[in-house]
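Going down the list, the sequences are from chains E and S. Okay, so the first sequence: first residue is 8 according to my numbering, each after it adds one. Okay, so the second sequence: first residue is 2 according to my numbering, each after it adds one.
Read the hints as simulated data drawn from the structure, not as lab findings. Be aware that a few hints might be false.
[As the list claims (entries may be wrong)] Stretches of chain E that chain S covers, calculated by requiring three or more beta carbons in the stretch to come under 8 Å of a beta carbon on chain S:
1. 27-36
2. 339-350
3. 417-425
C-beta: ideal position from N, C-alpha, C; glycine also.
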Amino acid sequence: MLSRIGEPRDASSQPDIGRSLFAPRDLLAEALAGMLQRPARSALTMLGTVLGVGAFVAVLGLTATASSQIDDRFNVLSATEVTVEDIAHEQDKFAGAAFPDDATDRVERLNGVRHAGVLWMVKPRRSAAELAVTAAPVGHTGGEALSVVAAAPATLRAAEPRLSQGRLYDDFHADARQRVTVISSGIAARLGITTLETKPAIFIGGQPFTVIGIVEDVQRQPDVLLSVLVPQTTAVEMWGRPTEGGRMLIATDLGAARQVAGEAPTALRPDHPEYLKAVPPPDPKSLRTSVTSDLEQLFLLLAGVCLVIGAVGIANTTLVAVLERTGEIGLRRALGAQRRHVTAQFLAESGTLGAFGGLLGTAIGTLAVLVVALIRDWTPVMHPVTLATAPFIGLATGVVAGIYPARRASSVQPAEALRG
Amino acid sequence: MTASPAPSEPPVIEFRQVGLTYPGPPPVEAFRPGDLVVRKGEFITVVGPSGSGKSTFLNIAGLLDTPTRGSFLLDGIDTGRLKDTERTTLRGRRIGFVFQAFHLLPHRSARENVELAMVYGGVPRRERPQRASEALARVGLGHRTDALPTRMSGGERQRVAIARALVARPSLLLCDEPTGNLDSGNAEAVLQLLETLNAEGITVVLITHDLAVAARGRRTITIRDGTLSESEQVGAC
Ligand SMILES: Nc1ncnc2c1ncn2[C@@H]1O[C@H](COP(=O)(O)OP(=O)(O)OP(=O)(O)O)[C@@H](O)[C@H]1O
Ligand SMILES: [Mg+2]
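Please model the entire structure based on the sequences and the hints provided.
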């Protein structure tokens with residue numbers, strides 16, 4: 008090639024030649040025409056990119072959708088729940104129960120606390136028969152293997168129960184140390200109680216307790232559904248204070264839980280806050296990541312593999328097209344196309360293939376998220392960034408795949424290409 | 002140059018000891034150094050046996066290949082001093098090509114094929130269909146502008162290729178065996194078309210190995226083993 012770059016040219020003997028152009032609109036038109044020339048081949052070529060981008064969109068969409076469901080549950084329940092555990096005996100063997108009698112009042116005074124109450128599982132002092140739960144005073148010795156849980160009235164309110172019959176016991180019952188109980192509908196069925204109209208009683212260690220409420224479900228502490236609930240004051244009178252294993256359930260306002268957890272031990276035991284351990288709700292963000300990140304990464308890796316396969320497919324097809332169309336390349340060069348115009352044309356063709364694959368993949372991935380959300384009865388959540396980037400991932404795949412074939416195309420010698 | 006008909010006209014092609022050797026190995030001296038002047042408005046035919054270097058000559062004249070010796074002036078421009086990109090632009094603006102194999106894009110209509118010659122020349126998009134239709138009308142295909150080349154006869158295809166070569170208004174038309182794939186009827190139509198175009202002022206260089214076709218030129222150049230010679234008497238091919 009006899010290029011003389013930098014050598015001054017004689018302006019009089021070398022008139023202005025002008026410039027070759029390849030307008031962007033022409034480039035795009037040529038790229039589309041090139042792609043539509045062989046629609047079946049183009050469609051097959053796109054497949055890898057469609058799968059890759061589709062998987063990418065589906066994975067990100069599904070994780071976003073799934074974690075937003077987890078978030079919802081955090082927001083209404085877990086994020087507003089604090090438990091305080093009695094760890095006094097770990098600190099001091101002779102400390103006794105850590106919770107004071109006025110535990111509810113002390114904690115409910117704190118900002119952001121809705122309900123707070125203690126609960127503990129009642130332990131027999133001498134024999135298990137003391138706590139045998141039966142439907143009749145005698146005869147059923149051994150009784151049903153049910154546990155008895157002592158819970159303050161405020162504890163029941165904090166658990167947010169749904170009553171099917173009757174009512175919860177309240178401070179009046181507790182102050183009077185009445186022998187009343189609240190049981191779950193499951194236990195009621197086991198004990199043969201169908202209605203509260205007849206004021207039925209159950210027997211704990213032979214002592215009658217009036218069933219005043221049947222609970223269908225609770226939002227917090229679902230394990231209490233397996234137990235017979237009695238007021239804490241009644242329990243202390245009959246079976247004494249718990250030596251260990253006492254807990255406090257606190258329901259807070261949204262956003263207050265962490266602060267309440269920090270303040271509760273001191274509010275309860277200004278003298279020995281170390282006897283109590285407050286458990287705040289887990290950070291929803293950290294939980295969400297731990298739930299989803301492993302699977303998400305696996306699927307994103309798969310999406311990446313699909314994209315690589317897609318890129319190889321596009322590169323292969325474009326290379327075949329370049330070899331098939333050497334005559335066309337030679338002709339274009341004869342008509343004034345520069346090397347860079349030929350490069351641009353094949354990059355645009357492969358880029359168009361990738362972009363179409365990306366768009367199709369985005370649509371399919373979104374559809375997959377919608378279908379799964381519909382089946383699971385979830386609200387589909389898709390980050391706009393995901394939707395906006397996905398087609399460009401396809402485009403980038405196509406352009407990268409086209410680099411080598413486009414260079415091959417631009418190095419075609421027109422004289423050789425036009426021979427024959 | 003005995004037969005130069007109009008010495009007053011400016012030269013379109015000017016070879017000054019132009020030669021081309023393919024590097025090989027082994028090196029092939031496809032075109033031996035020689036002088037030639039083709040003036041504006043001439044109709045020149047080039048004959049010679051197969052492998053003698055006719056296409057090599059045309060590729061040099063058409064800026065598709067660069068001579069390894071001497072200097073080639075196109076329209077007075079010393080092409081040896083141009084950058085590759087400038088040679089490409091010059092080729093697109095000043096030269097029209099017609100090939101034996103047509104080189105039409107099979108999936109594009111006749112009009113789109115003709116328009117392609119204006120894409121790189123910077124002709125505005127909206128002007129192209131009109132100019133393409135005019136060029137097709139000029140080669141007698143005004144009624145077939147939307148037809149695909151695959152649905153056309155050989156003669157029609159070659160006329161589409163000629164329309165494509167014309168539409169950018171080149172100063173030189175280079176035809177490499179344009180009638181090689183055509184029957185005598187179609188060949189005759191193409192030749193008459195080229196003659197008409199020449200009469201309208203365009204310079205035509207036509208390569209052929211058919212002596213009857215070669216006789217149509219007002220001047221005939223013979224190439225043998227890469228050597229140019231100018232004579233009325235042409236050897237057997
Ligand atoms: N790229 C190349 N490298 C080496 N030799 C080449 C190359 N291109 C052509 N040749 C040789 O140069 C010579 C001239 O070839 P050219 O194509 O010009 O012949 P031609 O006269 O057009 O023949 P035909 O009538 O068959 O078309 C031939 O011997 C050919 O083999
Ligand atoms: Mg030839």
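Verification of the hints:
no., hint, verdict
1, 27-36, "holds (count 6)"
2, 339-350, "holds (count 9)"
3, 417-425, "holds (count 3)"
Going through the hint list in order, the structure satisfies each hint without exception.
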